[in-house]
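Engineer: For the sequence shown, my numbering begins at 59 and goes up steadily by one.
Just so you know, these hints were derived from the structure itself, not from any lab.
Note that the structure is a prediction, hence the values are computed from the model and not measured.
Here a beta-carbon is modelled for each residue, glycine too, at the ideal position from N, C-alpha and C.
Any given hint could be a false lead.
As the list claims (entries may be wrong) - Restraint ranges, calculated between C-beta atoms of paired labels, are given here:
#1 V65 / L87: 33 to 43 Å
#2 V64 / Q86: 44 to 54 Å
#3 Q86 / L111: 51 to 61 Å
#4 R102 / S71: 10 to 20 Å
#5 I116 / Q86: 52 to 62 Å
#6 G93 / S71: 41 to 51 Å
#7 W115 / R95: 17 to 27 Å
#8 G117 / Q86: 45 to 55 Å
#9 G117 / R95: 12 to 22 Å
#10 V65 / G97: 55 to 65 Å
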Amino acid sequence: MVRWAVVCTAVLSALVFAVERSPAQAEQLAIRSLGLRDGLAHPRVNTFYRDRLGYIWIGT
């Protein structure tokens, strides 16, 4: 029983350290707000679409 607890603790510790050091968390994302002044037809956004060229289309 003690061996099982040690194994579980070791596995959980390894998972926590693996998730904590993931490179996805280190990535900085640039977020910019868009509104009517930026050319949106309506302040309510219904959908987003990213095409194969990387353009993002916003459906209002």
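Engineer: Now, for every hint given, state plainly whether the structure supports it.
Structural biologist: Right, here's what the structure says about each hint:
At roughly 38 Å, the beta carbons of V65 and L87 sit within the given window of 33 to 43 Å. With their beta carbons about 39 Å apart, V64 and Q86 fall outside the hinted range of 44 to 54 Å. Checked against the hint of 51 to 61 Å, the C-beta distance between Q86 and L111 comes to roughly 23 Å, which is inconsistent with it. Range check, R102 to S71: Cβ separation about 46 Å, and the 10 to 20 Å hint is violated.
Take I116 and Q86: their Cβ atoms lie about 22 Å apart, and the range 52 to 62 Å is violated. For G93 and S71, the hinted distance range of 41 to 51 Å is satisfied, since their beta carbons lie about 46 Å from each other. Take W115 and R95: their Cβ atoms lie about 19 Å apart, and the range 17 to 27 Å holds. Range check, G117 to Q86: about 27 Å between beta-carbon atoms, so the 45 to 55 Å window is missed.
Distance hint check for G117 and R95: the Cβ-Cβ separation is about 19 Å, which falls inside the suggested range of 12 to 22 Å. Checked against the given bound of 55 to 65 Å, the beta carbons of V65 and G97, roughly 58 Å apart, stay inside it.
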